[in-house]
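Novice: Chain residues, written in single-letter form:
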Amino acid sequence: MTEAWIALSLTLKVAGWATALNLVLGVGVGYALARWRFPGRDLLDAALTLPMVMPPTVLGYYLLVVIGSQGVIGAWLLQHFGIRLIFTWQAAVIAATIVAFPLVFKAARAAFENVDPQLEDAARTLGIGEWGVFFRVSLPLAWRGILAGLLLSFARALGEFGATLMVAGSIVGKTQTLSIAVYEAVQAGQDATANFLVMVTSLVCIAVLLGAGWLVPGRVAARA
Amino acid sequence: MSGVSGVGMNADGVHRDGVHASGAAVPTWDVTLRKRYQRGESRFELDVRFRAAAPRLVLYGPSGAGKSQTLRMIAGITRPDAGAVAIAGRTLYDSTAGLHRSPQQRHIGYVFQDYALFPHLTVRQNIAFALGRGWLNPSRRVAHPTVDRWIEQFGLQPVAGHHPHQISGGQRQRTALARALAGEPAALLLDEPFAALDKPLRQRLREELLQLQESLGLPLLLITHDDDDVRCLAQAVVALEAGRVTASPAH
Chain B
4 MTEAWIALSL TLKVAGWATA LNLVLGVGVG YALARWRFPG RDLLDAALTL
54 PMVMPPTVLG YYLLVVIGSQ GVIGAWLLQH FGIRLIFTWQ AAVIAATIVA
104 FPLVFKAARA AFENVDPQLE DAARTLGIGE WGVFFRVSLP LAWRGILAGL
154 LLSFARALGE FGATLMVAGS IVGKTQTLSI AVYEAVQAGQ DATANFLVMV
204 TSLVCIAVLL GAGWLVPGRV AARA
Chain A
139 MSGVSGVGMN ADGVHRDGVH ASGAAVPTWD VTLRKRYQRG ESRFELDVRF
189 RAAAPRLVLY GPSGAGKSQT LRMIAGITRP DAGAVAIAGR TLYDSTAGLH
239 RSPQQRHIGY VFQDYALFPH LTVRQNIAFA LGRGWLNPSR RVAHPTVDRW
289 IEQFGLQPVA GHHPHQISGG QRQRTALARA LAGEPAALLL DEPFAALDKP
339 LRQRLREELL QLQESLGLPL LLITHDDDDV RCLAQAVVAL EAGRVTASPA
389 H
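Protein sequence lines correspond, in order, to chains B and A. Per the numbering used here, residue 4 is the first one in the first sequence, and the count goes up by one each step. Per the numbering used here, residue 139 is the first one in the second sequence, and the count goes up by one each step.
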């Protein structure tokens, strides 16, 4: 069963990094889409939501085209820094980040749109700079909604399979995450391992969803 | 600034840098604002000019006259298409000179119609909000002589640790006023400050505000559609209707 624990810790590492990246990216993009008016805003929103609706294999293919050894960015990284992204856990992080990103920025956008702009104006008339307004007013008021989105994105990143398999492969102890380990165990007829992996995955996902559900109703209380 | 003289008085009374020519009285309020709003088919054009020496000025008019928009432009929250704003000789906005001070630079206290208190902060934290300039909110136990003074002056001691939704309308109004004043603003703008309160309370808070303004000597611009506010508080009245000034103080 040690294999399962290795897969679990790798999965948590990949999902954790993906969630941390999405915290920064999702909150930034969510805020920009909620507060700034610019041409092509709806188009950008749709484009950024694509990972949620596209088949993971299509996404994986796109990723190969971009970060593969012959890919646009992949070739450049290899040539200038000797970095090969493909079939590393970092590639799994990139795949998980992109797949889970829409969940964070959608939640963040909705949460920021719920913040009364007048509160931000009030902070400005009190002499507080734009960063201060963001960290002292907008973010604290949107925080619960963002957190709920982050937990969902963490759950989504935990279960990422298709795109991860295509860009990171299934190297035991290196890139083999839980969901991929389940697939491999079933293919190899190792039912006991598969059962155990499925139980672990299910428990982690239930815990995350309970956490998200517990946070969402709090948004109402915080605004009352 | 030529052509601004629709209100009377010579525009040369105030220079752009806020230094006034010797002998000429500097008007407390010198406001010229133009802005065109368009949302779909509906169009609204705001063209407001007034100048008043009185420190306590009331902007009076029906709802939809553009009073709040005027106030927002004076505070720098909304940017006008053109015009100029000077308060007590300090120029905050001048489109011909390309000057547009941010709301942060204007040091103008603003009491919003529904008070816009920060719901995630206590009364004490709300009042202390302007005193900390970093990225962090003041702590719940923030101790500062200015904060304590305003809490005491407005009798907010019993609710200092409460959140805005836990206190009464009058206490909210006082908290909003204290929050604006704790930042030591150069002027105070109030958007229908008594509209959300019942009548006896309104009268009491009007008197409080009047005493406060007289003791601080702070220029105060209040907008309202309530005649009682005008009677009690106004030294001068600017009447606004459909985005235009229909009556303004004589000089």
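These are computed hints drawn from the structure, not numbers from a lab. Bear in mind that the values here come from a model prediction, so they are computed numbers and not experimental data. Hints are supplied without guarantee of correctness; some may be wrong.
To be verified - A few chain B residues that don't get close to chain A, going by computed Cβ distances all over 10 Å:
| # | residue |
| --- | --- |
| 1 | L28 |
| 2 | A125 |
| 3 | L129 |
| 4 | W134 |
| 5 | L144 |
| 6 | I209 |
Unchecked claim - Here are some of the chain A residues that sit facing chain B, going by a computed Cβ distance under 7 Å:
| # | residue |
| --- | --- |
| 7 | F182 |
| 8 | A213 |
| 9 | G236 |
| 10 | L237 |
| 11 | Y248 |
| 12 | A254 |
| 13 | W273 |
Idealized CB from N, CA, C, for every residue including glycine.
Novice: Hints the structure violates: just list their numbers, smallest first.
Specialist: Hints 2, 3, 4, 5, 7, 9 and 10 are the ones this structure does not satisfy, whereas the remaining hints hold.
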